[in-house]
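Chemist: Here is what each chain is made of, one letter per residue.
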Amino acid sequence: MVWKIFLFLLLAFVSIAGITFPIVEKPSAWYEFPFIPGLEENAKIIFFHVPTSWLTVIAFLLSTVFSFRYLRTKNLDDDAKAYSAAQLGMIFCILATVTGAVWAKFAWGSFWSWDPRQTSIFAILLIYGALFALRSSIESEDKRATLSAVYSMIAFVTVPFFIFIMPRIMKGLHPGSADDTNAGPVIDFKMNSNMQLIFFLSLIGFTILFFWMWRVGYRSIIIKDKLNKQLTGPLAG
Amino acid sequence: MIAKSYSLFKKDFHSELRTRYAINSLAMFIIVAISVILFSIGNETITTSLTAGLFWVVIFFTAMSGLARAFVSEEERGTTLTLQLIASPSTVFTGKLIFNMILVFCMNLVIALLYSALFEKFIVQNFSLFLLTFVLGNIGLAVASTIIAAIIAKAGAKGTLYPVLSFPILLPLILTCVQLTLFSFDGTRFEEAKFELAIVVGYDVIMLTASYMLFDFIWKD
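From first to last, the protein sequence lines stand for chains A and B. First residue of the first sequence? That's 1 in the working numbering, and the numbers climb one at a time after it. First residue of the second sequence? That's 1 in the working numbering, and the numbers climb one at a time after it.
No wet-lab data here; the hints were simulated from the structure. Warning: the hint list may mix true and false statements.
Chain A side only, calculated, beta carbon under 7 Å to chain B, not exhaustive [as the list claims (entries may be wrong)]: (1) Leu9; (2) Leu71; (3) Ala123; (4) Leu126; (5) Ile127; (6) Ala133; (7) Ser137; (8) Leu147; (9) Ile154; (10) Thr158; (11) Phe161.
On a predicted model such as this, the values are computed, not experimentally measured, just so you know. All C-beta atoms in this analysis are idealised placements derived from N, C-alpha and C, irrespective of residue type, glycine included.
Work the whole structure out from these sequences, hints included.
Modeler: Structure, rendered in structure tokens:
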């Protein structure tokens, strides 16, 4: 209970600070953010957009780890964990895509311009979609778990290419691309210390939120499975 | 193991020659897809980059229409259990992979020949780069589509699911191959295309390793 209150306070502080703190030319007070050329007022999206895309990747990683564990142990609980992580990953992936597109409208002038980062988030969205399409097409529980575990592991070998290599080698508009000169590596030196602090607080807050949601998610899946078995058990036997 | 894989391949090859199902449907699909593209272009001239993109679009969809057969046919005939008894998973995978690989090479050769005959902007300046892209791209395409075909066959051979599952997996390969094809049209030297080539080689190696490691789990259920 204590950490839920702590999480509430943390996320409330991050939301208020991220939205209301002013951006000025030369920050002097503790609540002022620096002016980053090329990003300007739009820079505030970093507190909400970056955590969602970070959690998309974390969810994918967790889903793959538990898929791997399922293939080794054949324990359906691991499959429930992987599935729950993938569900959350899909939600955060959509959030990252939408917030990114809205930001792009104001920063670049159009919602979608096939920037390398946009291509990569779109590809991850497709992978998640394909995973759910595969899951819904199989009736048998064990078969569904095995095949989706294999598929998510095959997808995981191709994903590093999308998230880590392609956006950094291809010329793009997104901050942090290969030819980016003014916005540069934003996190390293363009932010001042209080902006960095709120950014990392936001990252931590969203990560805790994710793990909480994930725990609730996979527990409900496991309990649902158990109830189903109890209900159908006597009839079948 | 090699001898067994080869005899598996020979079995597929003979049954293919007998029915000619995959060859016929692939050939018809190529003709249909290219003629639809030509109809929609009409009298306009399209750019080089669009030609390179359309080349890989046809390759992708042709592969999607024909390559799922490899494992689906075993499930349909009910011969999966026999195969499981007589051969190890990696042997089965090698046999199927060789068959799909040859199918992909034949079909892409036909597509490339048709493109060079029918599209004005399909002029390869750097032929060795094009050839290398073609070979590496085909290997990646064959490996990825074979392992997805194995998943599809176990999932109950849902036809529409095959392109849905394959597209995200093949996307990095296709994007890089389109780029490399464009380079070969522009006459870019090897040194400048080194990075893209490294990506395609890496993709092929990773895909091959992952497929061999994961095929056991798909095959023995």
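Chemist: Now tell me if each hint is right for this structure.
Modeler: Right, here's what the structure says about each hint:
{"no.": "1", "hint": "Leu9", "in the structure": "violated (39 Å)"}
{"no.": "2", "hint": "Leu71", "in the structure": "holds (5 Å)"}
{"no.": "3", "hint": "Ala123", "in the structure": "holds (5 Å)"}
{"no.": "4", "hint": "Leu126", "in the structure": "holds (4 Å)"}
{"no.": "5", "hint": "Ile127", "in the structure": "holds (4 Å)"}
{"no.": "6", "hint": "Ala133", "in the structure": "holds (5 Å)"}
{"no.": "7", "hint": "Ser137", "in the structure": "holds (5 Å)"}
{"no.": "8", "hint": "Leu147", "in the structure": "holds (5 Å)"}
{"no.": "9", "hint": "Ile154", "in the structure": "holds (6 Å)"}
{"no.": "10", "hint": "Thr158", "in the structure": "holds (6 Å)"}
{"no.": "11", "hint": "Phe161", "in the structure": "holds (5 Å)"}
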